[in-house]
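Enquirer: From first to last, the protein sequence lines are chains A and B.
Count the first sequence with the numbering used here and you get residues 1 to 522, in order.
Count the second sequence with the numbering used here and you get residues 1001 to 1359, in order.
By construction, these hints were calculated from the structure, which means they are not laboratory data.
Some hints could be false.
Unchecked claim - DSS-like, lysine-lysine: derived pairs with alpha carbons at most 30 Å apart:
1) A/Lys498 with B/Lys1059
2) A/Lys138 with B/Lys1044
3) A/Lys128 with B/Lys1044
4) B/Lys1044 with A/Lys160
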Amino acid sequence: MSPAGCSHVNGYKVDNWKQNLRVIYQCFVWSGTAETRRRKVLQSDAGWTDLAKSCICHMCGAHLNRLHSCLYCVFFGCFTKKHIHEHAKNKRHNLAIDLLYGGIYCFVCQDYIYDKDLEQIAKEEQRKAWKLQGIGEKYTTWEPTKRELELLRHNPKRRKITTNCTIGLRGLINLGNTCFMNCIVQALTHTPLLRDFFLSDRHKCEMQSNSCLVCEMSQLFQEFYSGHRSPHIPFRLLHLVWTHARHLAGYEQQDAHEFLIAALDVLHRHCKGDTIRDDNGKKTNNPNHCNCIIDQIFTGGLQSDVTCQVCHGVSTTIDPFWDISLDLPGSSTPFWPLSPGGDSGTVNGESHLSGSTTLTDCLRRFTRPEHLGSSAKIKCGGCHSYQESTKQLTMKKLPIVACFHLKRFEHSAKLRRKITTYVSFPLELDMTPFMASSKESRMNGQYQQSVDILNNDNKYSLFAVVNHQGTLESGHYTSFIRQHKDQWFKCDDAIITKASIKDVLDSEGYLLFYHKQFLEYE
Amino acid sequence: MKMEEKPLSGPDNTRLEALVQDIYSELVEDACLGLCFEVHRAVKQGYFFLDETDQDSIKEFEIVDQPGVDIFGQVFNQWKNKECECPNCKRLIAASRFAPHLEKCLGMGRNSSRIANRRLASNNNISKSESDQEDNDDLNDNDWSYGAEKKSKKRRSDKNQNSPRRSKSLKHKNGELGTSISSDPYKPYNYNTGVSYESLGPNEVRLLLTTQCGVISEHTKKMCTRSHRCPQHTDDQRRAIRLYLLGPSALTLPDADVGGDCFDVPTDGQALLSRMQWEDSPDISPSDSASSKASTNHSDSRRPKKKKKSALSMNSGGGGVNLTGVGSSSFQSNISLSTKKKKPKTAAPLVPSIYDQLN
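Let the hints inform the model, and build the full structure from the sequences given.
Expert: As structure tokens, then:
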């Protein structure tokens, strides 16, 4: 019996009480739409049928006034006029249920009580009703268990993370040209989903040795939320990354993007303990279907359609990706013109100041149909011969965190240089025009798609920007990260300072991290 | 209240308004009731107190937004003395030099194979103190402190990477100088920076001068420890110092001494190659101002390049030397080796402070 329950409930928990209770919940409390209620009523016990149709107080006929149903018999009474109280006294039926919120009232205790078993049934019924209504899962806040409450009471010193709080922010010491690593660490520690995963201790380590990078990541989050002010020294992280990603090892200036991919790869490999188990309790070890937190957050699907110019047959492949590398104007590969008949106008409200390139421009170029030319003929399955074709990339599945990599470092045979063209990127990004589904509807003749404001699936918000200052040979990485919805901070190794949104949007931009705005339960 | 069948709208709208009012107040009441239940439940279940925090804590963690300080209210650049324990060798290393240390410690990166090869090559002849002294590289790796990184770092040339060690190992080959130069591995400036001739006896000086350039630097008042072919000093200077230190009889030493070509004694090709490289390369010293670090960019290295391939992307760009995929020969940590030899340092721990000033 839970501490908030009462002993008087025991008298109720006899015979077929569970089923009775369920019926009450289903019919009168959370029965979804009126339609379902009617349908449910027809299916349920005949004895309830007549009365269910008229859910009103038996004494005064009111259907408002906090109507309660007796748990022991078929009686409805309003609370405000104390009709249910009278019934309880007369019949000695001590329990009643509030039809609006499903709370159980005990007349002996004269208060609402929360019994664990009763609540369990209530929750289940509520979930069922939501499903019927099409709401699916709803978010419920965390509630501590009895044991957790005890622990919390014994440890009253708590830090509340308010909007003006430094907790969650921490500098990182540069270990010798490791600014590239520091920026990626800042971006990862400020990825909301990743933060939630690690702070709720969801990683179950299965590695025997001490060299699990995910554990180190977890430790990193603890350091960031510890409230310490001195910068953290990520030497263990460096050591682990170098041992697990040998190609990165070596003391020299490195590329932040390369580090990101390597780090994600190692984390993904070390996440074996956290994969979802299927119904048989076996781990789904399929490498293509990994369900670790890294894959859940970062992995998207890139669809590549190759269309034969002769028979118009399309061959489609979908490849997983962790980032999208975008060419920039000024590189040796031509940027303009974009695709013929592409979307015109600004999709995402970026500033088109005197022809400056926007992120949307880069994305449009990325998803344009590309004629592969006569030197690159593809074997067409339909024609059974080599034909010219066009290739087009679109997003099949967008990850929760989309990382855009602006290819500023050019390594063609003729030149090696850094492209410093300013690319303006938006705070909010709608990826709908670049989705595979949009492309299909475009091909089906719906050219001018109205932006569906209510469709939230493809809306993203910027939360981290990694910048590079300097030249190809030597430079310095800094990052901007977002905390508490609208606060931005500049992270320059050990120095964290407040930054304005303007600072962020005016920066050159090398790696851009966007987070999905609306997350749905599966 | 029974629902009556009366027209809702009409000339008299009060009834409609009344109904609307009823519905509205009902909705508000229901919403409030829901909130009441939530709070009631929280109190009854005992977790209502979780939301409380004391004012002091809130003040303690408030974000500071003032120029010159970070969000914690701390002044910039006060974190010079952070240390950490290397997971590999368990030594305490200065945090800003951890990366170069780790590279050597783990035997990764481009230099380590070369260092290892060199060690193997000279391992037969070397006493223990030699290998200890090689470890001193870590302690002397102060070239890549935080401040220095801010300046432009062009690729350093492949100079002197072997010669200081060459002469070092030769010293020990001769066996005689093992004691004259202090063999304490943890005194940084001893073995490869400069020698204060005042502390040495005449015999020691003579022995030294048989293998080293020996010209006294005006800058530090110490003898140059490079070989007789040292490009920084002329033969005339060398002659002069010998004259000065050893008297007129010393003049014959440098020419007759086969030790002048001490470099050639080990016949393995690597030593030969490294000597040739060293001769051609220009001079850089850590005590020079940071801007002069812009030495010629020796992008075409004499060593064959290894292309560096990353696992998932070919974009190995970035502010880094690895761009051209220079796998084997490396220029950066060589600098740390070579610059140690170049100009005698007063004491290594002081060097970070120089960078502070440059900052």
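Enquirer: Please go over all the hints and tell whether each is borne out by the structure.
Expert: Consistency of the hints with the structure:
With a C-alpha separation of about 17 Å, the suggested pairing of A/Lys498 with B/Lys1059 holds against the 30 Å cut-off. For the suggested pair A/Lys138 and B/Lys1044, the alpha carbons sit about 23 Å apart, so the restraint of at most 30 Å is met. A hinted pair counts as satisfied when its Cα atoms are at most 30 Å apart, and A/Lys128 with B/Lys1044 qualifies at roughly 26 Å. With a CA separation close to 22 Å, the supplied pair B/Lys1044 and A/Lys160 stays within the 30 Å bound.
In summary, the structure agrees with every hint in the numbered list given earlier.
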